[in-house]
Amino acid sequence: MRILSLAGRRLAASIPTLFLILIGVFLLLQLAPGDTVDALMAQMGGGDAATAKELRQFYGLDLSVPAQLANYLWRLVRLDLGFSSIYGKPVATVILERLPPTILLMTASLSFAFFFGLLFGVIAARGVNRWPDTLISTLGLVFYATPSFWFGLMAIVVFSVYLQWLPPGGFEDIGTIRTGIWHVFDIAAHLLLPTLTLGLIFLAIYLRIMRASMLEVLNLDFVRTARAKGLDETRVITRHVLRNALLPMVTLIGLQAGTMLGGSVVVESVFSLPGLGRLAYESVVQRDLNTLLGIVFVSALLVISVNFVVDLLYARLDPRIAAEG
Amino acid sequence: MDVTRLEINRRTALLTSAAIAANVINPMRAFAQETPRKGGVFNVQYPAEQRQLNPSIQASTGVYIIGGKIQENLVDLDANGQPVGVLAESWEAAPDGKTVTFKLRKGVTWHDGKPFTSDDVAFTAMNMWKKILNYGSTLQLFLTAVDTPDPQTAIFRYERPMPLNLLLRALPDLGYISAKHLYENGDIRQNLTNLAPVGTGPFKFVKYERGQYVIADRNPDYWRPNAPYLDRIVWKVITDRAAAATQMEAGELHYSPFSSLTISDMGRLAKDKRFIVTTKGNEGNARTNTIEFNFRRKELSDIRVRRAIAHAINVPFFIDNFLGDFAKLGTGPIPSTSTDFYPGANTPQYPYDKAKAIALLDEAGFKATGGNRFSLKLLPAPWGEDISLWSTFIQQSLSEVGIQVDIVRNDGGGFLKQVYDEHAFDLATGWHQYRNDPAVSTTVWYRSGQPKGAPWTNQWGWEDNTVDKTIDDAATEVDPVKRKALYAEFVKEVNTELPVWMPIEQIFVTVITAKARNHSNTPRWGSSSWHDLWLSA
Chain S
1 MRILSLAGRR LAASIPTLFL ILIGVFLLLQ LAPGDTVDAL MAQMGGGDAA TAKELRQFYG
61 LDLSVPAQLA NYLWRLVRLD LGFSSIYGKP VATVILERLP PTILLMTASL SFAFFFGLLF
121 GVIAARGVNR WPDTLISTLG LVFYATPSFW FGLMAIVVFS VYLQWLPPGG FEDIGTIRTG
181 IWHVFDIAAH LLLPTLTLGL IFLAIYLRIM RASMLEVLNL DFVRTARAKG LDETRVITRH
241 VLRNALLPMV TLIGLQAGTM LGGSVVVESV FSLPGLGRLA YESVVQRDLN TLLGIVFVSA
301 LLVISVNFVV DLLYARLDPR IAAEG
Chain L
326 MDVTRLEINR RTALLTSAAI AANVINPMRA FAQETPRKGG VFNVQYPAEQ RQLNPSIQAS
386 TGVYIIGGKI QENLVDLDAN GQPVGVLAES WEAAPDGKTV TFKLRKGVTW HDGKPFTSDD
446 VAFTAMNMWK KILNYGSTLQ LFLTAVDTPD PQTAIFRYER PMPLNLLLRA LPDLGYISAK
506 HLYENGDIRQ NLTNLAPVGT GPFKFVKYER GQYVIADRNP DYWRPNAPYL DRIVWKVITD
566 RAAAATQMEA GELHYSPFSS LTISDMGRLA KDKRFIVTTK GNEGNARTNT IEFNFRRKEL
626 SDIRVRRAIA HAINVPFFID NFLGDFAKLG TGPIPSTSTD FYPGANTPQY PYDKAKAIAL
686 LDEAGFKATG GNRFSLKLLP APWGEDISLW STFIQQSLSE VGIQVDIVRN DGGGFLKQVY
746 DEHAFDLATG WHQYRNDPAV STTVWYRSGQ PKGAPWTNQW GWEDNTVDKT IDDAATEVDP
806 VKRKALYAEF VKEVNTELPV WMPIEQIFVT VITAKARNHS NTPRWGSSSW HDLWLSA
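Chains S and L, in that order, give the protein sequences.
Each residue of the first sequence is one higher than the one before, starting from 1 at the first, in the working numbering.
Each residue of the second sequence is one higher than the one before, starting from 326 at the first, in the working numbering.
Hints were generated in silico from the structure; no laboratory data involved.
Watch out, some of these pointers could steer you wrong.
Pairs of lysine-lysine, DSS-like flavour, derived with a Cα cap of 27 angstroms [stated by the list, open to error]: (1) K456/L <-> K89/S; (2) K455/L <-> K53/S; (3) K53/S <-> K532/L; (4) K89/S <-> K532/L; (5) K561/L <-> K89/S; (6) K623/L <-> K681/L; (7) K623/L <-> K455/L; (8) K53/S <-> K505/L.
Which residues of chain S face chain L? A partial, calculated answer using Cβ under 8 angstroms [what the hints assert, rightly or not]: (9) A32; (10) D38; (11) A49; (12) A50; (13) T51; (14) G88; (15) L153; (16) P168; (17) G170; (18) D232; (19) S272.
Glycine included, each C-beta is placed from N, C-alpha and C at the ideal position.
Just chain S, same shape as in the assembly:
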């Protein structure tokens, strides 16, 4: 239970951080020239000054910046995320609508990257400096160096335009209404390419980390002991090396869960997915402060909870962590 109290303390410590982030983002967005009414004018293609003035009143922009900030924080304390000026409905609703595709995409591509990164990392480490290693490391480097929008577009060109196997974009088929298991398959088909696109870059990172950490652990004394007591190589790898080599991977996954939310703007745009990344991008361009702060808030919560799970995982993988507290 010590691990729980440790995690609990971390959670408590993250609350001030959360507020600091929100205030920071609020002030940063004040520095950006123009407000949501300017953005609306840009979108409408013009309007007169009287309209603009009336709109500023409508969006509550006639108040001073400290007053706006105070209003916002006071609402947040009461767990009210406010009203979105571009969507015309409560921010909580807007974000909730976008959360499922984002989380689906994020977990799918992280699991993909984690699983194959682990697998290829192990294979590369076992065949270090021989052809499997060279092949895997080169491919990893190629994936890492290729921009994700290009990957995505090429995947669409090959699998949707030429082969016509998979849909080129969207979250689900709009033409026909599917139910039950067919609906699940439909969404899966739509998410396959974006998952691969987003996953490949992370895969490259994971396999390199895994390879390095495997090589390091393989040279440790306890591995020699394990071999000396007559265990076969597979058992040495799975029971002794892998478990220890996994720690850096788990750390990384915790760090990257946060990046993935932001990193998916490109993939979401290329595949026309209604995710949080695109929502955040639009909120910045449209200067929709409430929505942006809401997203920051929710993303921060997600990162905190992922880190919480990572802490628990550490303890499971390496009992020494829980024991030391």
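Following the hints, position chain L against chain S.
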């Protein structure tokens, strides 16, 4: 004659024979012998989601592309760019120009079954066009009342003369009607109907999934006989230009409106037989690329410097190498597509002449020290790829004559704020979007006394009494011939003074499946109702 009457039978005949019209417009493909096919789903790219979908309160192509199929306007433009009645059957202006009477179509119902009447027109005009609609509030500034003597008559009363041809050219964009019974209670802007519009048009709103798609289905009770042909329209939110092009190729999209693909993809798809890439059908959305000068900079307030800058830039070279077939050399603020007002090229022009540019700069007293005369800050608008290319071209051209240009990029809101409110620019470049009548969209770029912060208006720190007078005279001149002459005079004056230079003319590009029929057959087709659009098998 100031009184104009419309012969309705002739107009409706023209509309219903749109298949023939399409053949005349697009001689490359003859479809007149085909019989229209009913049914089918038409998939449209929706590149930028708006905050709402009601065209009565927001004038922009992003709203018309959806709302324009669901709600209808009093008047639209026909194949020849002439006003044709939609919800209005005929109109008549009093000789003094202070009243305009519209006779409305009978037997039209809203999608919820309630009848459409003159009350809806009066309510929309007074509460939406006059108070909320961008551009509408300027157009209807002197509208005092709309009388409704009977359900089929709406009489617009103006404090000052309203030229009938100005009103009729503006109403296709600024004349969409909303249902009074849905809007009379509560705040119009916050009304949820704006996101689930109810209209009289050929398509009924079904569903809007934010960030994903909008669906509208065939209206079986539509007032035009045998229309529409399509069963359903789906607008798919696709923000990435390259992704939209691949979706066109995968057959998931039928139509990408208003230059929403990259210039190179449009060129590529133009060679593909499955698509038609054309500027046809967008003549009502012409735009010009600008260079806007800030007169608060001492150098730029000197007319010789402004002219030198214009002479230093090789516009035909830029068009040929960067924009291709989708642009042409512009001659001033009124584009050549405006048949009613285009004054011709016989106004002061500034062809490429580097020697002359250098001579003008020397004469103005800005000598080059170390190759550099002075530096300017250029703010490009973020609306399109062409503006970005154009700003780099300006930068390089001006460095040739000893003017160093620093480009400062912003997003939409930032650009408008810095240029039109804070005046934190030396040069700015973007689009001037022409809206069929100079009084609607263009003269505000030149008329002095614009409130600070109003986007796309004269914020240059420049004022000219002669130009102001020409603009004011033209705005209330009811004789169409005299009006045209006044606008020719206006173009001559502003091309001489050059507070803004508009050297490139562009029309939005449509990319559409070759299966579509009756498309691009009016000057604002992308915004129009698509009642006659159909898909061949």
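Hint check results:
no., hint, verdict
1, K456/L <-> K89/S, "holds (23 angstroms)"
2, K455/L <-> K53/S, "holds (15 angstroms)"
3, K53/S <-> K532/L, "violated (32 angstroms)"
4, K89/S <-> K532/L, "holds (16 angstroms)"
5, K561/L <-> K89/S, "holds (21 angstroms)"
6, K623/L <-> K681/L, "holds (21 angstroms)"
7, K623/L <-> K455/L, "violated (40 angstroms)"
8, K53/S <-> K505/L, "holds (25 angstroms)"
9, A32, "holds (6 angstroms)"
10, D38, "holds (4 angstroms)"
11, A49, "holds (4 angstroms)"
12, A50, "holds (7 angstroms)"
13, T51, "holds (6 angstroms)"
14, G88, "holds (6 angstroms)"
15, L153, "holds (5 angstroms)"
16, P168, "holds (4 angstroms)"
17, G170, "holds (7 angstroms)"
18, D232, "violated (50 angstroms)"
19, S272, "holds (5 angstroms)"
Hints 3, 7 and 18, counting from the list given before, are not met by this structure.
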